[in-house]
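**Q** Take the sequences, apply the hints, and build the full model.
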Amino acid sequence: MALVKLDAEEAMFARSKVRKWPSIAGTGNENLRPITRAYYNPRIRIEKGDTVFTMGSCFARQLEDTGPKWLGLKKTSHFNSRSQNKYNLHSVLNQIRWAYGTDDIEKSFSGILPYSPDTYTDFHGHTMVTEDPREERDESLWSTQGTEAEQIASRGRVNGIFEKMKDANFMVITLGMAEVWYDRETELVLNETPAAYTLAKFPKRFEFQQIDFNEIMDCFDEIYDIFSANNGPDFKLLLTVSPIPYTSTFSPNGGAITGNCYSKSVQRAAVETFMARHDNVGYFPSYEMAIHSDNQYVWDHDFIHVTADFAAYLMAYAQNALLSEELLEEHPEISPNLVDLRMVDLLQEMGLKEMIKPYLKYNPVKDKEFAKIKEEYDDQFQTLKVQVIEETQKMILEKDQMIADLMRDRDRIADEKNTLFMEKLKLEMGEV
3 MALVKLDAEE AMFARSKVRK WPSIAGTGNE NLRPITRAYY NPRIRIEKGD TVFTMGSCFA
63 RQLEDTGPKW LGLKKTSHFN SRSQNKYNLH SVLNQIRWAY GTDDIEKSFS GILPYSPDTY
123 TDFHGHTMVT EDPREERDES LWSTQGTEAE QIASRGRVNG IFEKMKDANF MVITLGMAEV
183 WYDRETELVL NETPAAYTLA KFPKRFEFQQ IDFNEIMDCF DEIYDIFSAN NGPDFKLLLT
243 VSPIPYTSTF SPNGGAITGN CYSKSVQRAA VETFMARHDN VGYFPSYEMA IHSDNQYVWD
303 HDFIHVTADF AAYLMAYAQN ALLSEELLEE HPEISPNLVD LRMVDLLQEM GLKEMIKPYL
363 KYNPVKDKEF AKIKEEYDDQ FQTLKVQVIE ETQKMILEKD QMIADLMRDR DRIADEKNTL
423 FMEKLKLEMG EV
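Take 3 as the starting number for the sequence shown in our numbering and just add one per residue.
No lab work stands behind these hints, which were simulated from the structure alone.
Cβ atoms here follow ideal geometry from the backbone N, Cα and C, with glycine treated the same way.
Incorrect hints may appear among the rest.
Restraint-style ranges between C-beta atoms, simulated for each label pair [claimed, not checked]: (1) Asp281 - Ala155: 49 to 57 Å; (2) Glu224 - Ile391: 52 to 60 Å; (3) Asn255 - Ala155: 36 to 44 Å; (4) Lys7 - Ser118: 54 to 62 Å; (5) Thr394 - Arg21: 35 to 43 Å; (6) Lys109 - Ile259: 32 to 40 Å; (7) Glu165 - Gly51: 19 to 27 Å.
Keeping only pairs whose Cα atoms sit at most 27 Å apart, straight-line, the calculated DSS-like set for lysine-lysine is [said to hold, decoys possible]: (8) Lys7 - Lys22; (9) Lys109 - Lys168; (10) Lys109 - Lys166.
**A** So this is what it looks like as structure tokens:
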């Protein structure tokens, strides 16, 4: 069944500003290189008074870390954001079920299993959540392993965090992988891949699965039904697909590249189908913006995670796309202050790609250094801008002169043609 149906006249003559594929040169209303701008259909926006809850992969976590800086907000807890990573949609659904009581929350503890002879891990979670306020700043304190008691305490804290989604009306879910590990004993999909020790200790308990389109749609439908029943009829759901690829694949049908392509494609197709069914569901094109931008601006040294700078750029773009006009007008401090998004756009439009990187770079520890670099480039930019304006004006004058010359030539040729015609006519009349 078709997702969208339009009359021929509506389809052919709608003249959408973004209907054509953008050129490398950056012409058109979207842009490809070096930093891709992809159109966002503003069917849902964050309005004044909305409460936002994000969940999903580490890409969502980067946006979660960056968001408060843009919005001028404070974090409600010191927990490191990576502790809440959900790498597949089934894992997101599990946590939603436990939070809303549609499944026994005691099942959330079933993923706490031996990781080694001396340690345990939570295969429904990720990094442990502790009560140490230093963990937000110090990655050396982050750990996926601990004692069984520590993991049980951490799981309780994670469940408490997800309880807060009951108070939200704007949900953001970032989709990660379409490859999952299934626990046959509990009949639950895990968030993490079982460790070698765990597989050896519990033989035949786990199986690898590559999920399909219908499974993803079933998850979407159940998530939507839970939110509809509990968060009110006016809730909004924003979906994104993480650009972060597989580090490896367990699929026998190909390598990590083809497996990753399938994963992103099937989830992106499911998002489009699901969005066509519900007006309160939107999609933000973070995946498209990452994969079409120049690699040097997007990827960290591991070529798996996006850089903090690119995440900040996406957040700036998302801010302009997602926040309501009322919010933007009432809070001028929300305007881009980490990444100069407008300067990036101007430099792209002017073809000055080599000058973009300093405007993407943001390091809160080096604000003064950043400001100095930016000031130097601002001066260069203003100089170049004046030069471009002068050159443009010169070209316009030259073009006007060229047009005037052509018009004179046209008039002269017309006069000569008319003279020749009259002379020919006289000759013909004389011959008659």
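**Q** Take the hints in turn and mark each one as holding or not.
**A** Evaluated hints:
1. Between Asp281 and Ala155 the CB atoms are about 42 Å apart, so this pair departs from the stated range of 49 to 57 Å.
2. Checked against the given bound of 52 to 60 Å, the beta carbons of Glu224 and Ile391, roughly 57 Å apart, stay inside it.
3. Taking 36 to 44 Å as the suggested C-beta distance range, the pair Asn255 and Ala155 conforms, at roughly 41 Å.
4. Between Lys7 and Ser118 the beta carbons are some 56 Å apart, a value that agrees with the proposed interval 54 to 62 Å.
5. Hint check: Thr394 to Arg21, Cβ distance near 28 Å, so the stated range 35 to 43 Å is violated.
6. Under the hint 32 to 40 Å, the C-beta atoms of Lys109 and Ile259, about 35 Å apart, fit the expected range.
7. About 21 Å separates the C-beta atoms of Glu165 and Gly51, a value consistent with the hinted range of 19 to 27 Å.
8. Restraint check for Lys7 and Lys22: the C-alpha separation of about 19 Å stays at or below 27 Å, so the hint holds.
9. Restraint check for Lys109 and Lys168: satisfied, since their Cα atoms lie roughly 19 Å apart, inside the 27 Å limit.
10. Proposed proximity of Lys109 and Lys166 is supported: the alpha carbons are some 19 Å apart, at most 27 Å.
Hints 1, 5, counting from the list given before, are not met by this structure.
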